[in-house]
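Protein chains: 2
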Amino acid sequence: MAYKKLSAEEAAALINNGDIIGFSGFTAAGCPKTITTALGKRAEEAQAKGNPFKIGIYTGASTGDTIDGVLARAHAIQFRTPYQSNNDLRAALNKREAHYFDLHLSELPQYLRYGFLAKPNIAILEASAITDDGKIYLTSAVGIAPTVARLADKIFIELNHYHPEELAGIHDIYEPADPPVRREIPVYAPGDRIGVPYIRVNPEKIAGIVETNLPNEVGAFTPSDEVTNQIGRNVANFLSSEIKAGRIPASFLPVQSGVGNIANAVLGAMGLNEDIPAFRIYTEVIQDSVIALMKEGRITFASGCSLTLSTPALEDVYHHLDFFKQKILLRPQEISNSPEIARRLGLISINTALEADIFGNINSTHITGTKMMNGIGGSGDFCRNAYLSIFTTPSTAKGGKISAIVPMVSHLDHSEHSVKILITEYGVADLRGLSPIQRAETIIENCVAPEYKDLLKKYLQLGQTGHTPQNLVAALSFHNAFNQTGDMRNVDWKTSR
Amino acid sequence: MAYKKLSAEEAAALINNGDIIGFSGFTAAGCPKTITTALGKRAEEAQAKGNPFKIGIYTGASTGDTIDGVLARAHAIQFRTPYQSNNDLRAALNKREAHYFDLHLSELPQYLRYGFLAKPNIAILEASAITDDGKIYLTSAVGIAPTVARLADKIFIELNHYHPEELAGIHDIYEPADPPVRREIPVYAPGDRIGVPYIRVNPEKIAGIVETNLPNEVGAFTPSDEVTNQIGRNVANFLSSEIKAGRIPASFLPVQSGVGNIANAVLGAMGLNEDIPAFRIYTEVIQDSVIALMKEGRITFASGCSLTLSTPALEDVYHHLDFFKQKILLRPQEISNSPEIARRLGLISINTALEADIFGNINSTHITGTKMMNGIGGSGDFCRNAYLSIFTTPSTAKGGKISAIVPMVSHLDHSEHSVKILITEYGVADLRGLSPIQRAETIIENCVAPEYKDLLKKYLQLGQTGHTPQNLVAALSFHNAFNQTGDMRNVDWKTSR
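Sequence order for the protein chains is A and B. Take any residue in the first sequence, count from 1 to its spot, add 27: that is its number in the working numbering. Take any residue in the second sequence, count from 1 to its spot, add 27: that is its number in the working numbering.
Next comes chain A alone, as it looks inside the complex (with noise of 0.2 Å):
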């Protein structure tokens, strides 16, 4: 091989402070895993002698707890953009330690190119396999790994043996030109393939090889229970009713579905169900539920930027690499969360909820208005286009002392625009074509749990008038009685007049 090996401190001792570093990977799955854990000590070394060391982040989406814990418990992190679901990075940025900007993911590629966001000058990619003239084969994602590597001065790899060689060919690498002379992005369908199999740069930029054999870092997420499951065939059961009634095709639509335990629920209820055909995916995260239902044939064809398996998952895929790879395919976030194609496939969209409200925006990100959980994701990029955009979350939290639909979010970031269907484990609120009070009362009726149904209903004889009947004095006195008390119900009216 014609380029340097490196041990990962070897690497790490060749970034600086101030550098600006951005990796491959979309959540934890193709994340280099080395270099930032040797980097993370070099911080705090060079801390401890009194000298700063901060770097600024630019990854697909979250990372691994080698890049975003590593680096929030170092306190060497100057910025972060644009999604982390870390705990030790969320309280830093909570603290406001890390100055952390919360980004539709589509939209990084660009702004980097389009120099609205500083420079990254090195960039730090998990590959499967490299050739000696440039060309890089990327593991289980890709995230930002074209844009960064074309930026990037410097380029370390991370040569994980864990992946396959024969994972090349799963990968579609296409960058658009930026405008004036940009063109279409021609996918069709989620199938199509634009790009080439690799990301190819200049040899001479590669800094150095680091040598690996590590799995991804992804956890398990929470299982499916029984409000989840019940969310899950609300879903199944709603779409199974658009197509009888002639508002999807017969022959259904790519669905695009979130990350967690509810979208899980949801691609498993939808496999049960016999009224919807076998589908296809076109999405940013492909997890264990699409690789069940391809193998039971429910699933045909998923487009992703990430295989955010659990190990058992990824290994089976691997292990049937001739399979799967006719039925996946991984893309740049540019490219799998795009507007353009979302609008053009007519995506079935369909996310969680962090809080909704009675007349149906949605806060993705913010606890309580102030505290960020993790980021907006790609949830942006695909409501606003979608065919349909649902949003869905569990009716309450904490035991019922949190009612997940209030009078106003504490923090937007869907627009009532962007939500057409609100579903919770008690049913569907169908949106399309309802004016603001209407909509309460849809959502009211068929979403709310029992316990907080009289509250809202209250809420809305609060005395405003007006085409969306506010109270912008009690607006956020459910969020005010659970800061005060521990739960929303203690809602004292009286002082919200």
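Bear in mind the hints are in silico, worked out from the structure with no lab data behind them. No incorrect hints appear here.
Note that identical chains are pooled: a pair holds if it fits in a single copy or bridges any two copies.
25 Å max Cα-Cα, derived PhoX-like pairs, lysine-lysine:
#1 146 x 271
#2 521 x 398
#3 398 x 484
#4 122 x 484
#5 485 x 521
#6 398 x 485
#7 485 x 122
#8 181 x 232
#9 428 x 480
#10 322 x 354
Quick caveat: nothing in here was measured; it's all calculated off a predicted structure.
Dock chain B against the given chain A, drawing on the hints supplied.
Then chain B, alone, in the frame of chain A:
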């Protein structure tokens, strides 16, 4: 002519309670004017006899008073979408007499085709010419006309001789196929023609022709003043500095500009700025300022959905059609506002906010969170997918009693994720890559009126921690102070902790 000629009253007599009508036009431009006037009388007569008479209305955007005003005053509107700006209709929907649902303008045609909204059984189109084989040439706007003409069972034409037959050719009518067989919309530059200059319908659906000779009901926009002119200069200076920094191509990019006196001032200032090259427009509403800059050679092409011009400006265009038909093209709103095209062309998107908050969220629609002003219009279609999304607003209203910049918007239409630059008469807040606290500091420093700076700085100190330092007790206190005392400066922090 092969079609039955009708008076407006005869046409109105063929429309019944419960009918759902789709209209041509976008703003007052291109809207029918006489059948609805007669229909309003018919509704009032029916109601006087104790018979219900209400219809559903789909339009491109706002209309002339002869649609929204007449029918609102006649209490004849059952539901209305997607945008309005009429005083009497506004009053009706804020009393919730009429169900109004506010929608991204690009979405309406496809939602009608998908069956998500009730089918329009009648279309009323204003035409400049019609052929015996069913080719309809529109007047000064397109809107949703192609889709409602296709879906409706019955079409009435208002053949308006005010518009010259030579207007034929200015329209480019194209309706995309629906998923799963939709292809790219092949527009790569503002001037690209992709369709035909007419709407083609089955002649048997044409129930009658009403001949008219009436100008558009386009009202005069409020003239520019020193505040709006300063906003315009701030926008123009910001754009020229972005060109110099290499973040906007030196050849510049197509501009989308909202409606009203600020938009006119912005385009005027861009025209005067010598660092900005002659540019092209890709927008929904073509206003007077575009025509003026076209004559000066500062705007070289304008693609829009309507010619929303004052009568003198429209007559100027009609008297020099040979010149302007080379430089102006009118498209359906599904194409003028297409997210796919906005992102591909790389639009510089400039829209007006009703209210912004210190974290970069925008309220475009609701006064103090409850009263609908107009609607979201195309702002969401453009800002989410633009190359660069700019929002403008005067820093205060009502002589300083209202700050347009508040701790938390009282209604949210465009989240922090869609707002990259905020500009008032005081200056420019560049929010790209900033965390929430950085955004707040930048907005307060650069955009807020002097009399509100300290109040907003104090708000940020109100003790909440977290990534986004909102205080949910005080977040809406500016609005509550205004509702209770008529002046936001009377905000009472003591009750807000």
